[in-house]
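Engineer: Protein sequences, first through last, are from chains Y and L. Residue numbers for the first sequence follow the working numbering, so the first one is 1 and each next one is one higher. Residue numbers for the second sequence follow the working numbering, so the first one is 1 and each next one is one higher.
Among the hints, erroneous ones may be present.
Since the list can't tell identical chains apart, any single copy or any two copies may satisfy a pair.
To be verified - Here are the simulated lysine to any residue pairs, SDA-like style, with alpha carbons at most 20 Å apart:
#  : residue 1 : residue 2
1  : Lys135    : Gly145
2  : Lys135    : Ala73
3  : Lys50     : Asp223
4  : Lys33     : Asp167
5  : Lys33     : His176
6  : Lys322    : Met5
7  : Lys33     : Ser159
8  : Lys322    : Asn293
9  : Lys241    : Leu166
10 : Lys241    : Asn113
11 : Lys33     : Val272
12 : Lys33     : Gly145
Keep in mind the hints are simulated off the structure, nothing from the lab. Here the structure is a predicted model, which means the values were calculated and not measured.
There are 2 protein chains.
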Amino acid sequence: MNTLMDMTTDLGAWLSNELTAVSGVMSDHLINKHEEVNVVCGELAAYKGKMLRPSLLLLSWRAVSKEDAAPMAVRTAAAVVELIHLATLVHDDILDEADIRRGTQTLNSLRGNEAAVMLGDYLLSSAFHLCSTIKNPDLNLLLGGVTNTLCAGELVQLSHRNNVDLDIDSYFQIIHDKTASLIAASCEMGSMLGCSDGSFVSVLKDFGKSIGTAFQIKDDLLDLLAKRKDIGKPAGRDLEKGKLTLPVIIMLAQNPSLRPDVRAAMGNNDRVGLHDLLQSTGSIDAAFGVVENLVDSAVLGVKGVLSSESSMQLCKLAEQLKRPF
Amino acid sequence: MNTLMDMTTDLGAWLSNELTAVSGVMSDHLINKHEEVNVVCGELAAYKGKMLRPSLLLLSWRAVSKEDAAPMAVRTAAAVVELIHLATLVHDDILDEADIRRGTQTLNSLRGNEAAVMLGDYLLSSAFHLCSTIKNPDLNLLLGGVTNTLCAGELVQLSHRNNVDLDIDSYFQIIHDKTASLIAASCEMGSMLGCSDGSFVSVLKDFGKSIGTAFQIKDDLLDLLAKRKDIGKPAGRDLEKGKLTLPVIIMLAQNPSLRPDVRAAMGNNDRVGLHDLLQSTGSIDAAFGVVENLVDSAVLGVKGVLSSESSMQLCKLAEQLKRPF
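Construct the entire structure; sequences and hints are all you get.
Structural biologist: Quick look at the structure:
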């Protein structure tokens with residue numbers, strides 16, 4: 001199931017087994033007494049990805065824990081962060097009017113926005129319910145804070161649609177809030193369940209924040225550069241929905257006179273024209289450079305204090321973000 | 001602010017003061033560091049109603065507590081149930097494609113479905129976050145269970161749109177899940193924070209369940225019978241959205257041959273025709289009869305074990321549901 005790392009190693013086999021257990025926790029928790037709910041939840045199977053967030057939570061736990069087998073609280077927390085992620089996918093697809101995700105039809109296109117709104121709510125609620133079963137008030141508080149941040153990030157992003165004056169600090173704040181915060185929380189939760197040393201927790205949280213930010217920039221670059229067949233969903237959606245991404249913001253910071261061109265490309269949904277502009281100004285390379293810096297800083301932070309096999313694996317996963325597509 | 005009861009009594013003044021404090025807890029908790037979020041939240045003012053759920057929570061607490069002043073946990077829990085209620089209103093309006101609520105424009109019509117989806121999520125998340133600050137794992141678990149039930153109820157209702165074969169048991173299950181469960185939980189939370197006697201908690205929870213069910217039937221009757229100006233939103237939405245309500249279900253159970261007429265009235269959105277059918281078969285009176293029975297049973301349950309001023313007030317509030325419009 002897990003394609004994030006080599007599964008033939010002992011650690012890879014461990015992670016793969018744990019992720020199978022986490023999937024079991026998730027699906028058991030989603031089972032409802034009403035068959036109508038189970039039918040809609042059944043369609044979520046198509047949304048299943050590489051389980052990045054549970055993987056980071058599990059590896060962060062193992063990076064600081066003295067135990068080998070993840071206790072139930074860790075598996076449960078890993079299921080919680082994936083449920084939150086699934087909820088955001090279902091609601092994001094409504095916001096993006098997306099028809100296709102991971103090569104198959106989205107929930108909103110299959111069953112309408114109404115069912116997609118309610119399914120997203122059901123997932124969000126199930127995540128909180130499942131988190132509450134751990135009976136650790138700190139975890140609940142952390143989760144509530146993170147989901148507030150996620151929603152605030154989306155609301156702020158919405159309010160900046162088609163705003164070519166969006167500055168780079170606001171952009172970083174938005175992608176931190178809507179993406180990096182949950183990835184950081186995954187690393188934080190895993191490590192806080194694995195040890196009581198606040199400095200390890202803080203280092204792993206920062207690691208998650210940096211790679212989460214890099215991950216979102218890479219995702220935006222993918223939307224700009226990839227072909228539909230490569231990413232299992234239509235490319236160029238960011239432009240279409242008026243979302244400014246890092247290469248565009250870098251370009252406009254260095255060449256403010258290009259603002260009317262960007263506005264025109266957005267108005268005409270001219271992906272090729274925008275791409276040519278970004279390429280000729282070196283802005284795509286500059287954005288890749290930001291990804292590299294974020295990954296380097298994340299890896300440096302972890303290697304400074306941890307040297308377990310799991311922490312090395314976290315660094316390897318981070319390095320993968322540097323690869324071109 | 002509170003128009004549910006006479007505020008000139010000592011108890012009325014107490015409730016009114018407490019509700020002001022609860023509103024303060026809510027608005028303080030919703031304040032976000034991003035002004036864009038505060039602007040959207042600011043538009044929620046128009047959604048403010050009589051604060052039924054916090055009132056029931058506060059009165060249930062006082063009905064069993066030996067104290068006079070509600071501690072912070074009680075006010076916080078009261079704010080939590082109102083936030084959950086607000087979240088469901090915002091998302092329900094998307095499902096119902098509603099333009100008007102309480103006489104003003106809905107969030108979805110003002111700012112689009114996208115912002116309404118995210119604002120509903122923000123409210124849901126804020127409710128869980130706020131509940132987590134009480135640091136009572138049982139409350140968190142209860143809340144997660146209730147919101148799961150709410151969402152499941154909406155999903156089941158959606159799957160039965162335009163289903164004229166919906167039976168009465170399924171109908172009662174749907175309105176329990178989507179409405180009565182949160183009202184029952186409000187009474188349950190209030191009483192469990194006020195005493196440790198499980199039998200009082202159980203009686204007040206059952207009270208909430210009965211009046212919550214009666215409340216939803218009354219709301220459906222209002223949609224069928226009222227004029228727009230009386231309810232601050234367009235009437236006849238249930239018919240328009242293919243929702244079967246109690247009078248229709250009662251009529252079809254007694255007169256199965258009227259199924260094609262109901263189907264035709266739904267297809268043509270013929271509210272007057274449906275109303276005439278229901279009136280001539282006595283189905284509207286029968287539905288009012290169900291409301292009366294539910295209220296009587298709720299009141300009987302509470303009066304059997306409690307006799308405080310607050311418990312009497314809960315019974316008075318229940319009796320109000322018997323009134324015609």
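Engineer: Are the hints correct? Go through all of them and say.
Structural biologist: Do the hints match the structure? See the list:
1. Taking the shortest Cα distances, Lys135 and Gly145 sit within 20 Å of each other both inside one copy (17 Å) and across copies (14 Å).
2. In this assembly of identical chains, the alpha carbons of Lys135 and Ala73 lie at most 20 Å apart whether taken from the same copy (9 Å) or from different copies (18 Å).
3. Proximity of Lys50 to Asp223 under the C-alpha cut-off of 20 Å is restricted to the intra-copy arrangement: shortest distance 18 Å within a copy versus 47 Å between copies.
4. Taking identical chains as interchangeable, the C-alpha atoms of Lys33 and Asp167 lie at most 20 Å apart only when they sit on different chains, with a minimum of 17 Å there against 49 Å within one chain.
5. In this assembly of identical chains, the alpha carbons of Lys33 and His176 lie at most 20 Å apart only when taken from different copies (14 Å versus 37 Å within one copy).
6. Proximity of Lys322 to Met5 under the C-alpha cut-off of 20 Å is restricted to the intra-copy arrangement: shortest distance 15 Å within a copy versus 64 Å between copies.
7. For a Cα distance limit of 20 Å, the shortest separation of Lys33 from Ser159 across copies, 15 Å, qualifies, whereas the shortest one inside one copy, 39 Å, does not.
8. For the homomeric pair Lys322 and Asn293, the shortest alpha-carbon distance inside one copy (9 Å) is at most 20 Å, but the shortest distance between copies (67 Å) is not.
9. Proximity of Lys241 to Leu166 under the C-alpha cut-off of 20 Å is restricted to the intra-copy arrangement: shortest distance 15 Å within a copy versus 40 Å between copies.
10. For the homomeric pair Lys241 and Asn113, the shortest alpha-carbon distances inside one copy (17 Å) and between copies (14 Å) are both at most 20 Å.
11. For the homomeric pair Lys33 and Val272, neither the shortest alpha-carbon distance inside one copy (50 Å) nor that between copies (37 Å) is at most 20 Å.
12. For the homomeric pair Lys33 and Gly145, the shortest alpha-carbon distance between copies (13 Å) is at most 20 Å, but the shortest distance inside one copy (30 Å) is not.
The structure fails hint 11 only (numbered hints given earlier).
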